[in-house]
Amino acid sequence: MEEAKLYEQVMTKNADKPMYVLHDGPIYANGNIHVGHAMNRIVKDMIVRHRNMDGFKAPFVPGWDAHGLPIETALTKTKKVDRKKMSVSEFRAACEAYAWDQVETQKEQFKRLGMIGDFDNPYVTLTPDFEANQIKVFGEMAKAGHVYQGKKPVYWSPSSESALAEAEIEYHDKRSPSIYVAMKVTNGKGVIDNGSEFIIWTTTPWTLPANLGISVHPDYDYALVSVADRTFVIASKLFDEVSETLEWEDAKIVKTVKGAELDQVVAAHPFYDRDSLVMTGQHVTLDAGTGAVHTAPGHGKMTLLLVNSTA
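Residue numbering for the sequence shown is 44 to 354, as defined by the numbering used here.
Everything labelled a hint here was simulated from the structure, so no lab data went into it. This one's a predicted model, so the numbers in the text were calculated from it and none came from an experiment. Accuracy of the hints is not assured; some may be wrong.
Here are the simulated EDC-like cross-link-like pairs (lysine to aspartate or glutamate), alpha carbons at most 20 Å apart as the crow flies [to be verified]: (1) Lys-227 - Asp-318; (2) Lys-150 - Asp-67; (3) Lys-301 - Asp-272; (4) Lys-154 - Asp-67; (5) Lys-280 - Glu-292; (6) Lys-87 - Asp-97; (7) Lys-301 - Asp-236; (8) Lys-122 - Glu-139; (9) Lys-120 - Asp-108; (10) Lys-150 - Glu-51; (11) Lys-150 - Glu-133; (12) Lys-150 - Asp-125; (13) Lys-232 - Asp-264; (14) Lys-60 - Asp-161; (15) Lys-87 - Glu-139; (16) Lys-232 - Asp-262; (17) Lys-123 - Asp-144; (18) Lys-100 - Asp-161; (19) Lys-227 - Asp-306; (20) Lys-56 - Asp-108; (21) Lys-295 - Asp-236.
With these hints in hand, go ahead and build the complete structure from the sequences.
As C-alpha cells, then:
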C-alpha cells in the first residue's frame, strides 16, 4: 500500500468532496506499540476508510505526544540514562532524540498493520510549529476568559521526582477494623447530662487522632440509652441494631431528643485532652453505625477540595 501510494491516491480522488476530519489523539512516543495502540489506530483506520468510500474526503494525520514523564521514564529505563549526571538541557536533548526514534519505529509498526494515513507529515507535540500553535490557542483562551488561576491538590511522586496526573494514581487495598468508640459529654448545654457518652462508629480507626467533632442529623431522633451505670447517645432507629452488636443487656431508652437540640454540645476526644464539638449535618445516615458520625477534618478527597478551594 505504501509503494502504491494508496493514501495519496484516495486523497486525490476525493479532493473535491466534503471534508470529514477524524482527529488522532496523540499517543506517547515511548516504546513499541502494544495492543492498546493497535486497537486505537485500527478503529480509526476503519472509520477513515469508510468515510472515504462514503462520499467524503477524510484525511488522517497521525500524531505523537513527545513530552512528559513517560518519555523521561522510558529513556531512563531502556537507555540507562542517569539524568542527575546531566544538565537539564542535555537531558531534554536526549529525550527529544529518543522520542523521534520512537516515532519512526512506531510509524513502521503501524504501516505493517496495514494502516493508511499521512505518515510522512505527522504532527508531533515537540515541533516548534505545534508548540507555537499551542501558545496561540492558549492566548485566545486567556483573552476569552477561559483561563483562571485556582488551587487544587497536586500529587507528587517522590521516586520520579515529578507531579502525577490523577489517572496515574493507584491505591493499594487496605483493610482496617471497624470500631465503636464512646466519647464522654463534658458540656451538655442543658439538653443532656454531662457524663453521657456519644457512640461513634468508624471504618477508619486510623483517623481517630484527627477527630474534632461528632456529626448528628438535625431531623433524626436520638436516644439516651441507660446500660448498667452508663448512658449512651445513639440514633433511636438504630437502638436494636446497636444493642445486639454491643451485646447490651437490659438497655433502656430514658430520653429522646432531636438532633438539632444536640448542636454545639461538647464531648471529649477519646484519648487526647481536647474537645470534640457536636454539630448537625445532612450527610448523616442511618444505613450503618450509630447515627453519630466521627468527624476528622483533613482526611478524604472532599476535605482536600474544600480546604484548597478559592473563595
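Hint check results:
Distance check on the hinted pair: Lys-227 and Asp-318 sit about 10 Å apart at the alpha-carbon level, within 20 Å; holds. Of the supplied pair hints, the one linking Lys-150 and Asp-67 holds, its CA atoms being roughly 14 Å apart against a limit of 20 Å. Taking the CA atoms of Lys-301 and Asp-272, the gap is near 24 Å; set against the 20 Å cutoff, the hint is violated. Distance check on the hinted pair: Lys-154 and Asp-67 sit about 16 Å apart at the alpha-carbon level, within 20 Å; holds.
Restraint check for Lys-280 and Glu-292: the C-alpha separation of about 18 Å stays at or below 20 Å, so the hint holds. At most 20 Å may separate the alpha-carbon atoms for a hinted pair to count; Lys-87 and Asp-97 meet this at roughly 15 Å. The hinted pair formed by Lys-301 and Asp-236 meets the criterion: a straight-line CA distance of about 15 Å does not exceed 20 Å. Annotation: proposed proximity of Lys-122 to Glu-139 holds, straight-line Cα distance about 13 Å (limit 20 Å).
Restraint check for Lys-120 and Asp-108: satisfied, since their Cα atoms lie roughly 19 Å apart, inside the 20 Å limit. Using a Cα cut-off of 20 Å, the hinted pair Lys-150 and Glu-51 holds, with the two alpha carbons roughly 17 Å apart. With a C-alpha separation of about 26 Å, the suggested pair Lys-150 and Glu-133 falls outside the 20 Å cut-off, and the hint is violated. This hinted pair does not check out: Lys-150 and Asp-125 have alpha carbons roughly 28 Å apart, beyond 20 Å.
Between the alpha carbons of Lys-232 and Asp-264 the distance comes to roughly 17 Å, so the proposed pair stays at or under 20 Å and holds. Our distance criterion of 20 Å between C-alpha atoms is met by Lys-60 and Asp-161, whose separation comes to about 18 Å. For the proposed pair Lys-87 and Glu-139, the alpha carbon gap of about 27 Å is over 20 Å, so the pair is violated. Restraint check for Lys-232 and Asp-262: satisfied, since their Cα atoms lie roughly 19 Å apart, inside the 20 Å limit.
Our distance criterion of 20 Å between C-alpha atoms is met by Lys-123 and Asp-144, whose separation comes to about 16 Å. In summary, the hint linking Lys-100 to Asp-161 is supported, as the alpha carbons are separated by about 13 Å, within the 20 Å threshold. Straight-line distance between C-alpha atoms of Lys-227 and Asp-306 comes to about 15 Å, which keeps the hinted pair within the 20 Å bound. Taking the CA atoms of Lys-56 and Asp-108, the gap is about 31 Å. The hint is violated against a cut of 20 Å.
As the CA atoms of Lys-295 and Asp-236 are separated by approximately 16 Å, the hinted pair is consistent with the 20 Å bound.
Comparing the model with each earlier hint shows violations of hints 3, 11, 12, 15, 20; every other hint is respected.
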